[in-house]
Amino acid sequence: MTIAAEFIGVSQSFGDFLAVDNLDLKIEEGKLTTLLGPSGCGKTTTLRMLAGYGTPTKGRITIGGKDATRLPPEKRNLGMVFQSYALFPHMTVAENVAYGLKIRKVSEPERSRRVMESLDLVGLAHLAKRRPKALSGGQQQRVALARAIAIRPALLLLDEPLSNLDARLRVQMRSEIRRIQAETSLSVVLVTHDQDEALEMSDTMVLMREGTIMQQGAPEQVFPAPANRFVAEFLGYENFIDDPRRGLLTVRPEHLRVAASETEPAVASAGLRLPATITSSAYRGVDLVITTAVLNAAGEEIPLVSTVRRDSLAADFMGHNRGDKVTVYTRDVDLVALPG
Amino acid sequence: MKGRPLIGTFAVLGYIIMIVPILFVVAIAFTDSQTLSFPLRGFTLRWFGEAASYTPFTSALLSSLGLAVLSTALALAIGIPVTLAIQRGKIPGKSLVEGLFLSPLVVPELVVGLALYQQVMVGLNQTALVALVIGHTVILLPYAVRVTGASLALADPFVEEAARGLGASPFKTFLTVTLPLLRPGIFSAALLSFITSFNNVPMSLLLQSRNFHTLPITMLDYIQQSYDPMIAAMSTLLLAGTVVIAIVAERTVGFAKIFGGINK
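These protein sequence lines are chains A and B, in that order. Position one of the first sequence corresponds to residue 1 (the working numbering), numbered consecutively onward. Position one of the second sequence corresponds to residue 341 (the working numbering), numbered consecutively onward.
Hints are computed from structural coordinates only; laboratory data are not their basis. It is possible that part of the hints are untrue.
[Stated by the list, open to error] Calculated lysine-lysine pairs in the DSS-like style (CA-CA distance at most 27 Å, straight line):
1. A:Lys58 <-> A:Lys102
2. B:Lys430 <-> A:Lys75
3. B:Lys512 <-> A:Lys129
4. B:Lys512 <-> A:Lys102
5. A:Lys75 <-> B:Lys512
6. A:Lys66 <-> A:Lys133
7. B:Lys512 <-> A:Lys66
8. A:Lys58 <-> A:Lys75
9. A:Lys133 <-> B:Lys512
10. A:Lys102 <-> A:Lys66
11. A:Lys105 <-> B:Lys512
None of the values given here were measured: they were computed from a predicted structure.
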């Protein structure tokens, strides 16, 4: 594996606040890496240090194997897409995309060719003469992408690129960015707080919290095997059960089933089977969200959440009333043991 | 205005109170009579001719124009870097700096004028022109700082970073991104400063000398001695000039932006 960029023991603090804490991270060439975490986890600070908009207080950053720790942004040849897009309002779409090429003194016929090539890639060639103000949010974002790609950057950096788009467009742009990444074979670093986005788009996802990496790996490695409670919670595991024998167990609401009677069903001993009382249930179209209470080993009541898929649209909402005695259970394969 | 009859009525009343007296002055400028009186008698353009050939007015006009141009240029030369520092700089106490440069709006001009008279004209033995340029520049600084910054304040704060990321040096970024964003603000600040200096009375009144009079002061002197429609004609000419500048400002930048970007 070739390394496009690397953080070596990087820290950055703002006053007393340690935003990034002794970070070691390799960004793989030609892959899409997401930095994922809640706000304040240091993901944007990390991206900005890579782009040169912030200098580490400790450690080194290399880009393409060369030290870039103190290199100003204009010497890094990275394509950055800002959350607000940061298009130049006094230039047309084409002039925005041409900006980095002009700075690089790319001569005229070649410059126009590359501007149109980049705009074609994002499907906006027909709007080249417009001003950014005359475009929709989604179109502005594509211009920002085209502008960043046109300079043929060593890495493409995306800071929450989809967060200002409406829900439908956001989902559409995920595959769009993946397609662009595949067509250009660019190394991409994407910052997001949306785990669905990260799961769908990443080759590698890096989960961060308070300036340190909690877990990293391919989505299909990380998702079924969260390394700790923080990662599990962030990825949507909602049920945490202390088992005296097996330690802290977690199970997703989708995998925690609810059986109407206390006798059924028979589950292999490795799974989980607990008597419970329904505390609330909510109708959510295709799913029912059922909250139950179980007693843990210490005799304390803890809440568990199940989302139960209704078999058909005609299925009844019956059998799930507050106070009902039920059995919650899950298969062994859906049970994740967390260390500590 | 629909559905809010009270506010609408007040607005119309306000316009009437502001505009009607001005219309009287304009009307009297055309009267064929020896005094500033109503109703009008006949129609003549001769007061315009007399105003244009009255030497105290023409020389005072030149003085006023020169003073306005000079103090506007100085205020912008100081104001633009200050705006940049406030909007984009990483300096501590930004609001303190901004407050300092906006303070001439609230400090009585007569106080500043008196100080300049004592310190600059008497103390340093400088001419009235020097004291006036300093005084007007101080009055214009709030406009230069505030209006210039308005267009920059509305812009995406990351555009400069974007330019750097695309390969532009800090200087190149300033030339190709910051300055173009600043341009409409500079333009409207210049127009507004020019008008403010040109119409100023209190400061100019205190700092006048025998050989340097601004136009408003000369007109004030004139009206104390004679009472003929020539002064109305001169006022009408001034009004026309101001309206032209205001229209240019509105067309290029828009008043909403000039006065703090209320509508954006």
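Hints numbered earlier in the text: which of these fail when held up against the supplied structure? The structure conflicts with hints 1, 6, although it agrees with all the remaining ones.
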